[in-house]
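Chains as they are written, first to last, in this note's numbering: chain A, 18 to 136; chain B, 24 to 192; chain C, 240 to 329.
It is possible that some hints are incorrect.
To be verified - Over 12 Å on every C-beta distance to chain C, these chain A residues come out as not near it, computed from the model:
hint, residue
1, Asp50
2, Gly116
3, Pro119
4, Asp120
What the hints assert, rightly or not - DSSO-like, lysine-lysine: derived pairs with alpha carbons at most 30 Å apart:
hint, chain 1, residue 1, chain 2, residue 2
5, B, Lys128, A, Lys112
6, A, Lys112, B, Lys82
7, B, Lys121, B, Lys82
Said to hold, decoys possible - Derived list of chain A stretches under chain C, where covered just means 3 residues or more per stretch with a C-beta under 8 Å from a C-beta of chain C:
hint, region
8, 33-40
9, 52-61
10, 73-83
No lab work stands behind these hints: they were computed from the structure. Computed from a predicted model, the values in this text were never measured in an experiment. Don't be surprised by glycine CBs; every beta carbon is placed ideally from N, CA and C.
Letter by letter, the chains look like this.
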Amino acid sequence: MLDAVLGWLGVVLVSVGVFFLFLGALGIFRLPDLFNRLQAGTKATTLGVVSTSIGVGLLAKGWLPFAAALAIFLLMTNPISSHAVARASYRAGVKPYPGTDPDECAKRHLTIYEESEEK
Amino acid sequence: MERVESSKASRYLYAVLIYFFLWIVLTYPFSIQEWEAGAVIAFLGAFFSYRQLSVSGVKNVKRMGILIFWYLPVFTWEMIKANIHVASIVLNPRMPIKPGIVKIKTNLKSPVARVWLANSITLTPGTLSLDVEDNYLYIHWITVKAKDVEGATREIAGKFERILEAMFK
Amino acid sequence: MRIEIPTAIWAIWFIVISTAMILATLRAVIGPTNSDRVVGLDTWTTITTGFWVILALFFFQFVLLSVAMVYAILSFLGVLVIARYLERGL
């Protein structure tokens, strides 16, 4: 009985995870500029992979500790890598989508470039 | 940035605890031989790397209590909301977005607390942390609700900043 | 495994996750700038980690879960290095 309940809970979690991984990829494909793409990509795929690994941990006996460790690792590192990509591409001169308003970052990077040219 | 270090013994003990716990989780089918080898390796590894691992040592164990019982429920709920938000945007044929990059102010002092704040912001609805400068964070927001610094701070960071202040006090 | 998973469910999981990988690859191929390609790659590696986890359950091998862990660590480091390269060159 307990096995059946945990097993079907695992199936539901893996299905939700796979669906959100798909949504992340679809967001990457459809959204108009880099930062919006990164938003969809990070959030949806992080929940997707975390939910998938917890579901697999529930489905197979004794896999839960390792699967939870994998989930925690992904939860901590995925936002960091997306932040690194976002910052690097902003500094490398990728322009946001034209409708972006306000753009507080633009003024700031302008001053940084002027300072570095003076030196 | 202020940087209050704990004693070396406390930091060393914390490193040993963390490494031993990781070892137990990663070599899952439990056996006593694995644990012996793990203890030796945890003590040796901690000797080489406790300076880099933590600043405040065993005090972190108390923080983990707050982390699990206060931060985690709030964070899980926010993350589910964030994903429903993303799904509603991506699956909508017209894609209702109104992006903007806003500036928010943070009162957190320690670098670790700021990393936690930036990560939390990235995984909550519609926001992505873009850059850091002194006390300000630059946030890319997919549907802008407030353009000024105070409004954006209240809207984005308010919930997590209280928890993280209690955690990294 | 705790329960027998019907074949139809396996099929749906594999088809959906393969479609996701193809979409992310397309973004990495057509992306207008190099940064867009990196975003596609980042998403692709995360999806692939999820794929390894499901594969571990399909073959019922615990080792493949460790493969997923190593894959996650290496892809994180790889994306960080590429981001650093974008910012100021290697």
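Now for the hints, and whether the structure bears them out:
1. With a least CB separation of 9 Å from chain C, aspartate 50 of chain A falls inside the 12 Å interface cut-off, contrary to its annotation.
2. Every C-beta of chain C lies more than 12 Å from that of glycine 116 of chain A, the closest at about 17 Å, which supports listing it as non-interface.
3. Remark: the non-interface label on proline 119 of chain A is consistent with the geometry, its nearest Cβ contact in chain C lying 22 Å away (cut-off 12 Å).
4. Here aspartate 120 of chain A stays apart from chain C, with its beta-carbon at least about 17 Å from theirs, past the 12 Å limit.
5. Proximity of lysine 128 of chain B to lysine 112 of chain A is assessed by CA-CA distance (about 24 Å); at most 30 Å being required, the pair is judged to hold.
6. The straight-line distance between the Cα atoms of lysine 112 of chain A and lysine 82 of chain B is roughly 44 Å, outside the 30 Å bound, and the hint therefore fails.
7. A hinted pair counts as satisfied when its Cα atoms are at most 30 Å apart, and lysine 121 of chain B with lysine 82 of chain B does not qualify at roughly 43 Å.
8. Counting residues of the region 33-40 of chain A whose C-beta sits closer than 8 Å to any C-beta of chain C gives 5, which meets the bar of three, so the coverage hint holds.
9. With 3 residues having a beta carbon nearer than 8 Å to a beta carbon of chain C, the region 52-61 of chain A meets the requirement of three or more and the stated coverage holds.
10. Judged by the Cβ-Cβ criterion of 8 Å, the region 73-83 of chain A is covered by chain C as claimed, because 7 of its residues qualify and three suffice.
Checked against the numbered hints above, the structure breaks hints 1, 6, 7 and satisfies the rest.
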